[in-house]
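Engineer: Each chain, letter by letter, is given below.
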Amino acid sequence: MAIVFEKPKSLTSKELHYCPGCPHGIIHRLVAEAIDNLGIEGKTVGVAPVGCAVMAYDYFSCDMVEAAHGRAPAVATGIKRALPENVVFTYQGDGDLASIGMAETVHAATRNENITIIFVNNAIYGMTGGQMAPTSLPGQVTQTSPYGRDVKVAGYPIRVCEMLSALDAPYYIERVAANNVKNVLRAKKAIEKAFRNQIEGKGFSLIEVVSACPTNWGMTPQKALEWVEDKMIPYYPLGVFKDKEANA
Amino acid sequence: MSEKVLMKGNEAIAEAALRAGCRHYFGYPITPQTELTAYMAKRLPKLEGGVFLQAESEISAINMVYGVAGTGKRVMTSSSSPGISLKQEGISYIAGADLPAVIVNVQRGGPGLGGIQPSQSDYFQATKGGGHGDYHLIVLTPSSVQEMADLTHLAFDLADKYRCPAMLLADGTMGQMMEPVALPEETNCKVEKPWAVTGTEMKREHNIINSLYLSPEVLEKTNFERFERYAKIEKNEVRYESYMMDDAEYCIVAFGIAARVAKNAISAMRKEGFKVGLIRPITIWPFPKKAIREAADKVKGFVSVELSMGQMIEDVKLAEECLRPVLLCNRAGGMIPSVDQIISVTKELVEGGRK
Chain Z
6 MAIVFEKPKS LTSKELHYCP GCPHGIIHRL VAEAIDNLGI EGKTVGVAPV GCAVMAYDYF
66 SCDMVEAAHG RAPAVATGIK RALPENVVFT YQGDGDLASI GMAETVHAAT RNENITIIFV
126 NNAIYGMTGG QMAPTSLPGQ VTQTSPYGRD VKVAGYPIRV CEMLSALDAP YYIERVAANN
186 VKNVLRAKKA IEKAFRNQIE GKGFSLIEVV SACPTNWGMT PQKALEWVED KMIPYYPLGV
246 FKDKEANA
Chain S
640 MSEKVLMKGN EAIAEAALRA GCRHYFGYPI TPQTELTAYM AKRLPKLEGG VFLQAESEIS
700 AINMVYGVAG TGKRVMTSSS SPGISLKQEG ISYIAGADLP AVIVNVQRGG PGLGGIQPSQ
760 SDYFQATKGG GHGDYHLIVL TPSSVQEMAD LTHLAFDLAD KYRCPAMLLA DGTMGQMMEP
820 VALPEETNCK VEKPWAVTGT EMKREHNIIN SLYLSPEVLE KTNFERFERY AKIEKNEVRY
880 ESYMMDDAEY CIVAFGIAAR VAKNAISAMR KEGFKVGLIR PITIWPFPKK AIREAADKVK
940 GFVSVELSMG QMIEDVKLAE ECLRPVLLCN RAGGMIPSVD QIISVTKELV EGGRK
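Residue numbers (my numbering), protein chains in the order written: chain Z, 6 to 253; chain S, 640 to 994.
Here chain Z stands alone, though its shape is the one from the complex (with noise of 0.2 angstroms):
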């Protein structure tokens, strides 16, 4: 008989830890699927973060580093730098990119840095039991804004594609969700192109996916997604903010 649906070679046996209903499955898949298409599993080197997907370094099969809190980036750059011929990739979450480690990532983009980026954004911190995040929401009631983000005191969500897009570096950033089917195959597409564009040596890409947190927001899973779709991607619009191929 036939396979017509198997898990990708670039992900281990591994079970993973992730909650119910929770996305982070899948797109570990989609960037598993993106390795073995390229056929790169045996040269690229992962970077995992701090987060949710921590223990991101048993869950793909080819090398692993696990870096500290935000510094990815950095430690990508040391790799790549060190490995030129190699692939590599982050898998970051909002917490870990856009609030400690935004220096590294802006840094990393404006050095054009040749890694791809995968940042999950799902507007809080999971891994630490749901506090806000620099993504959450204004309103958003988390356990460290239990009266909803007031934006006067907590400040304003940041929109990490639209910020790097200011940069002259960076190659492509793209912002996909992995609310539904439609979104989901063209988040498969812009990890993998995220991932052609450093082999062929563009440089940098970083992919926003957004996310959902079902145990943290207090939605079923059913309902989390449709808050992505009702909340989250009115605020983060889906799209390319840069593709410097399109542009050439």
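No lab work stands behind these hints: they were computed from the structure. Just so you know, even glycine gets a beta-carbon here, dropped at the ideal spot from N, CA and C. Check the hints yourself; a few may be wrong.
Far from chain Z by the CB rule (all over 10 angstroms, computed), these chain S residues [said to hold, decoys possible]:
no. : residue
1   : K829
2   : K842
3   : R878
Rough simulated footprint, nothing fancy, chain Z against chain S, three-plus residues with beta-carbon under 8 angstroms [as the list claims (entries may be wrong)]:
no. : segment
4   : 692 to 698
5   : 725 to 734
6   : 847 to 853
7   : 916 to 922
Got chain Z sorted already, so can you dock chain S onto it with the hints?
Structural biologist: Relative to chain Z, chain S alone:
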């Protein structure tokens, strides 16, 4: 040995690192170590595979070091005291992931922004951990530009041999002074690194560079194993200079620039008939405990000469097991003890011994 050339301490470190096969350097400007960064900026782009990068911060620089160290290649960063504080997070991760790397601290006075004059007040930070968790660095303390070069070379070898970060703990004087130096021969890493992340090439299981162990039993085991390695370092790698100790009745303990001033004080006191000697730790972790303990059986007391409010003196007291008095002769904030000050404190010790 090659012909001697006149070099600044900071540049001697940089050149020695290149000759040790280091082709990856990440830095951030800070006085008084900037010549080292500038030297690397000039040389590395001209060398095959050479990578120089001015990072956006000391935090990023040390994390770039972590990335390169994970690939198994020789890598270095350098900074001065406030910058080294910023690097502590990354140093703890490098130690926790059992990676070799070389970190240079050309110390200046503190705390806080402090000053830019020489200091030894990062002794605690360098020898007692510095970052979070149970770990040590191998800490080497040069006392001449020649040693800046030689100990840099050695730091790479020791870091690779024991899979741990090594620190060259210099000070602003050492960094800025010029002396003739015979540069070390070209070498490179001599140990295999099967743990490195270089891409599996689909020929082996994936390697993981990591310091996270959620099971306390497993985390404890990694700590125990690391400390077994530290025990080997303490057994094999203690280095110190014993100067005029054969007949010494009084022992000065000093390293770096303080040891050089101490030698002048010893010459002057010997002329006056005082039998004073010096133990100069070259490694301050591991600390030459045995040498100090053995000296305690022969001498009447110790003077710890330091450019700090008295940090190494604690290790001296632990090592000599309270057998003899230990006096502190110190300056702080970028000041250096003078020959006269060392003589005066050593004479206090002599007087105390005669009472």
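Engineer: Does each hint hold? Answer for all of them.
Structural biologist: Right, here's what the structure says about each hint:
Against the 10 angstroms criterion, K829/S stays outside the reach of chain Z, whose nearest CB is about 19 angstroms from its own CB. A cut-off of 10 angstroms between C-beta atoms contradicts the statement that K842/S is not in contact with chain Z; the least separation is 8 angstroms. The claim that R878/S lies off the interface holds: its Cβ sits roughly 30 angstroms from the closest Cβ of chain Z, which is beyond the 10 angstroms cut-off. By the rule of at least three residues with a Cβ nearer than 8 angstroms to a Cβ of chain Z, the coverage given for the segment 692 to 698 of chain S holds, with 5 such residues.
For the segment 725 to 734 of chain S, the proposed coverage by chain Z is satisfied: 3 residues have a C-beta within less than 8 angstroms of a C-beta in that chain, meeting the threshold of three. Counting residues of the segment 847 to 853 of chain S whose CB falls under 8 angstroms from any CB of chain Z gives 5; the rule of at least 3 is met. Given as covered by chain Z, the segment 916 to 922 of chain S fails the check, having 0 residues with a CB less than 8 angstroms from a CB of that chain where 3 are the minimum.
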